[in-house]
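S.K.: From first to last, the protein sequence lines are chains A and B.
If you use the numbering used here, the first sequence corresponds to residues 1 to 185, in order.
If you use the numbering used here, the second sequence corresponds to residues 1 to 265, in order.
By construction, these hints were calculated from the structure, which means they are not laboratory data.
One thing to keep in mind: the hints can contain errors.
Below, a list of computed lysine-lysine pairs in the DSS-like style, where the Cα atoms sit at most 30 Å apart [to be verified]:
hint, chain 1, residue 1, chain 2, residue 2
1, B, Lys217, A, Lys183
2, B, Lys221, A, Lys17
3, A, Lys165, B, Lys217
4, A, Lys39, A, Lys148
5, A, Lys39, B, Lys9
6, B, Lys178, A, Lys35
7, A, Lys17, B, Lys7
8, A, Lys69, A, Lys13
9, A, Lys17, B, Lys33
10, B, Lys9, A, Lys17
11, B, Lys9, A, Lys171
12, A, Lys13, A, Lys35
13, B, Lys33, B, Lys7
14, A, Lys69, A, Lys141
15, B, Lys151, B, Lys178
16, A, Lys39, B, Lys178
17, B, Lys151, A, Lys13
Remember, it's a predicted structure, so these values are computed and weren't measured experimentally.
Spelled out from the first residue to the last, the chains are:
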Amino acid sequence: MSAEGNIITELFKQTRKACDQIGLLLRTADELMLKKGFKSEGNGALEGISYSINSPLQWVPTYAFRFYKISEKRIAFISVLVDDDVVERYYTVNEPYVTAGFLDFGKLDANLNGNYWLAKYFGYLLKDPQVAADGNAHPFKNDGKDPKLKFQDGQVFAVPLVSIKNADDVKNEIVSKLVNLAKNG
Amino acid sequence: MLQAQLKGKLVAEEERMEDILTSNVFGSIKYLKPEEGLLPILQSVIDINGQRPFSSIREIYDVHFSFWPWLRENECKPCEPDVLITVRLPDHRKIILLVEAKYLSEKSSEADENPAPNDQLAREYDNLEKLAGSGDILVLLYVTAHFGYPKEDIEESMSEHHRKRRSKMSVYWISWRKIASLYPNAKEDTILYDLVMVLRRMGLTFYEGLTVSRVPKLTWKFKAVTSWTWTQYDFHPLSWNFAANQNFNWQHSVTPFKWRFDNER
Numbered sequence: 001m002s003a004e005g006n007i008i009t010e011l012f013k014q015t016r017k018a019c020d021q022i023g024l025l026l027r028t029a030d031e032l033m034l035k036k037g038f039k040s041e042g043n044g045a046l047e048g049i050s051y052s053i054n055s056p057l058q059w060v061p062t063y064a065f066r067f068y069k070i071s072e073k074r075i076a077f078i079s080v081l082v083d084d085d086v087v088e089r090y091y092t093v094n095e096p097y098v099t100a101g102f103l104d105f106g107k108l109d110a111n112l113n114g115n116y117w118l119a120k121y122f123g124y125l126l127k128d129p130q131v132a133a134d135g136n137a138h139p140f141k142n143d144g145k146d147p148k149l150k151f152q153d154g155q156v157f158a159v160p161l162v163s164i165k166n167a168d169d170v171k172n173e174i175v176s177k178l179v180n181l182a183k184n185g
Numbered sequence: 001m002l003q004a005q006l007k008g009k010l011v012a013e014e015e016r017m018e019d020i021l022t023s024n025v026f027g028s029i030k031y032l033k034p035e036e037g038l039l040p041i042l043q044s045v046i047d048i049n050g051q052r053p054f055s056s057i058r059e060i061y062d063v064h065f066s067f068w069p070w071l072r073e074n075e076c077k078p079c080e081p082d083v084l085i086t087v088r089l090p091d092h093r094k095i096i097l098l099v100e101a102k103y104l105s106e107k108s109s110e111a112d113e114n115p116a117p118n119d120q121l122a123r124e125y126d127n128l129e130k131l132a133g134s135g136d137i138l139v140l141l142y143v144t145a146h147f148g149y150p151k152e153d154i155e156e157s158m159s160e161h162h163r164k165r166r167s168k169m170s171v172y173w174i175s176w177r178k179i180a181s182l183y184p185n186a187k188e189d190t191i192l193y194d195l196v197m198v199l200r201r202m203g204l205t206f207y208e209g210l211t212v213s214r215v216p217k218l219t220w221k222f223k224a225v226t227s228w229t230w231t232q233y234d235f236h237p238l239s240w241n242f243a244a245n246q247n248f249n250w251q252h253s254v255t256p257f258k259w260r261f262d263n264e265r
């Protein structure tokens with residue numbers, strides 16, 4: 001067995017292990033959100049991955065997410081950004097973040113229309129040097145360029161993934177803050 | 001079975017069998033002192049309000065395990081819960097604990113309109129009530145891989161039981177995911193340590209933070225295009241051409257057939 005070969009195998013094993021833990025984190029968040037009265041939408045957690053020979057960079061996910069309907073006009077999300085925006089290259093990340101926020105649809109009924117990528121909105125805000133993964137909420141608005149996007153505005157906060165070590169951290173640092181933000185923000 | 005599973009001798013289908021999981025967990029703790037094996041589980045079970053009613057128990061006087069007992073009490077539908085555990089406490093109280101374990105499957109029966117409860121948990125509790133003596137503490141323990149109290153499952157059962165028996169079921173729950181964390185000090189080369197390893201191998205834990213070890217920088221690269229020499233084509237004109245004049249015969253003929261289904265026998 002060559003050392004380099006072993007590194008490659010180890011790389012994939014570690015990636016899978018990280019996916020397993022991130023899955024547990026998101027399922028814990030689902031359960032805690034359910035206790036607050038907000039049921040997660042479906043079982044989907046990934047978007048933007050590809051099975052195609054032409055898109056190998058997309059064989060590995062760059063983020064995972066869960067969405068929750070807060071009210072008729074608001075949808076909340078929790079996501080984990082693990083890598084750069086490899087396809088559109090709108091942002092890069094130096095470490096993984098857990099992000100949480102909500103989308104407000106104003107007078108319209110809340111409907112994502114399959115735009116799950118909105119769960120990585122924090123990544124787009126990272127270009128602003130004032131934005132940091134410090135738990136503070138950052139507001140954003142829909143610029144209206146894409147007519148398919150119906151949300152009006154929203155807010156999102158993030159913390160480094162490695163700072164979330166157990167279910168209590170998920171509850172205190174993510175879910176409680178998110179529910180408070182989504183209800184009152 | 002623990003060793004076979006730790007060494008990867010079971011196929012995935014076998015690993016997913018809830019009877020094997022039940023046997024691994026409750027079969028292992030059967031051979032341990034109750035304070036080491038069963039008590040941490042009993043202390044951690046929660047009720048529908050999220051309370052831990054047995055958390056104050058510190059000692060068990062005596063315990064007896066019966067695996068997959070067949071229960072058929074008077075006026076009850078028969079059932080086969082996974083484990084029947086009789087626990088005697090030092091103050092002479094007795095806990096009759098019936099374990100119903102689920103891993104990837106749902107309850108095996110639902111409520112119906114017959115006089116006796118039919119929903120799997122309701123049916124088991126019905127038998128448990130008749131089986132227990134007066135003064136015994138009844139515990140129906142539902143063990144699943146959920147992340148939180150499976151309220152919907154349990155409320156369905158309670159509803160049927162209450163409708164037919166007019167009494168309230170005492171249903172408690174613990175997740176398989178909790179078990180490994182109950183034995184943080186399990187020493188290597190003990191059955192408890194191996195049990196924890198099996199549960200971890202099955203991914204039956206809660207989120208415990210990322211502990212990914214450092215992976216050295218990968219230097220290997222697939223050199224896909226370095227040997228191309230495009231100039232070759234300048235000196236060697238392409239000689240291949242499609243031999244279109246070969247005798248391909250794409251014409252096809254259809255031979256009429258005479259088969260008919262003869263239904264006039």
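S.K.: Could you run down the list of hints and mark each one as holding or not?
M.R.: Hint check results:
Taken as a hint, the B:Lys217 and A:Lys183 pair is broken in the structure, with Cα atoms around 44 Å apart against an allowance of 30 Å. At most 30 Å may separate the alpha-carbon atoms for a hinted pair to count; B:Lys221 and A:Lys17 meet this at roughly 24 Å. Restraint check: the Cα-Cα separation between A:Lys165 and B:Lys217 comes to about 26 Å, which is no more than 30 Å; the hinted pair holds. Taking the CA atoms of A:Lys39 and A:Lys148, the gap is near 25 Å; set against the 30 Å cutoff, the hint holds.
Among the hinted pairs, A:Lys39 with B:Lys9 is inconsistent with the structure: their alpha-carbon atoms are about 39 Å apart, more than 30 Å. For the hint pairing B:Lys178 with A:Lys35, the CA-to-CA distance comes to about 18 Å; that is within 30 Å, so the pair holds. Restraint check for A:Lys17 and B:Lys7: satisfied, since their Cα atoms lie roughly 19 Å apart, inside the 30 Å limit. With a C-alpha separation of about 34 Å, the suggested pair A:Lys69 and A:Lys13 falls outside the 30 Å cut-off, and the hint is violated.
Under the criterion of a C-alpha separation no larger than 30 Å, the hint pairing A:Lys17 with B:Lys33 is inconsistent with the structure, at around 34 Å. With a CA separation close to 21 Å, the supplied pair B:Lys9 and A:Lys17 stays within the 30 Å bound. Restraint check: the Cα-Cα separation between B:Lys9 and A:Lys171 comes to about 38 Å, which exceeds 30 Å; the hinted pair is violated. Among the hinted pairs, A:Lys13 with A:Lys35 is inconsistent with the structure: their alpha-carbon atoms are about 33 Å apart, more than 30 Å.
Under the criterion of a C-alpha separation no larger than 30 Å, the hint pairing B:Lys33 with B:Lys7 is consistent with the structure, at around 26 Å. For the suggested pair A:Lys69 and A:Lys141, the alpha carbons sit about 19 Å apart, so the restraint of at most 30 Å is met. Note on B:Lys151 and B:Lys178: the hinted pairing holds, with a Cα-Cα distance of about 17 Å set against a maximum of 30 Å. At roughly 23 Å between alpha-carbon atoms, A:Lys39 and B:Lys178 fall within 30 Å of each other, so this suggested pair holds.
Using a Cα cut-off of 30 Å, the hinted pair B:Lys151 and A:Lys13 is violated, with the two alpha carbons roughly 35 Å apart.
In this structure, the earlier hints numbered 1, 5, 8, 9, 11, 12, 17 are contradicted, and the remaining ones agree with it.
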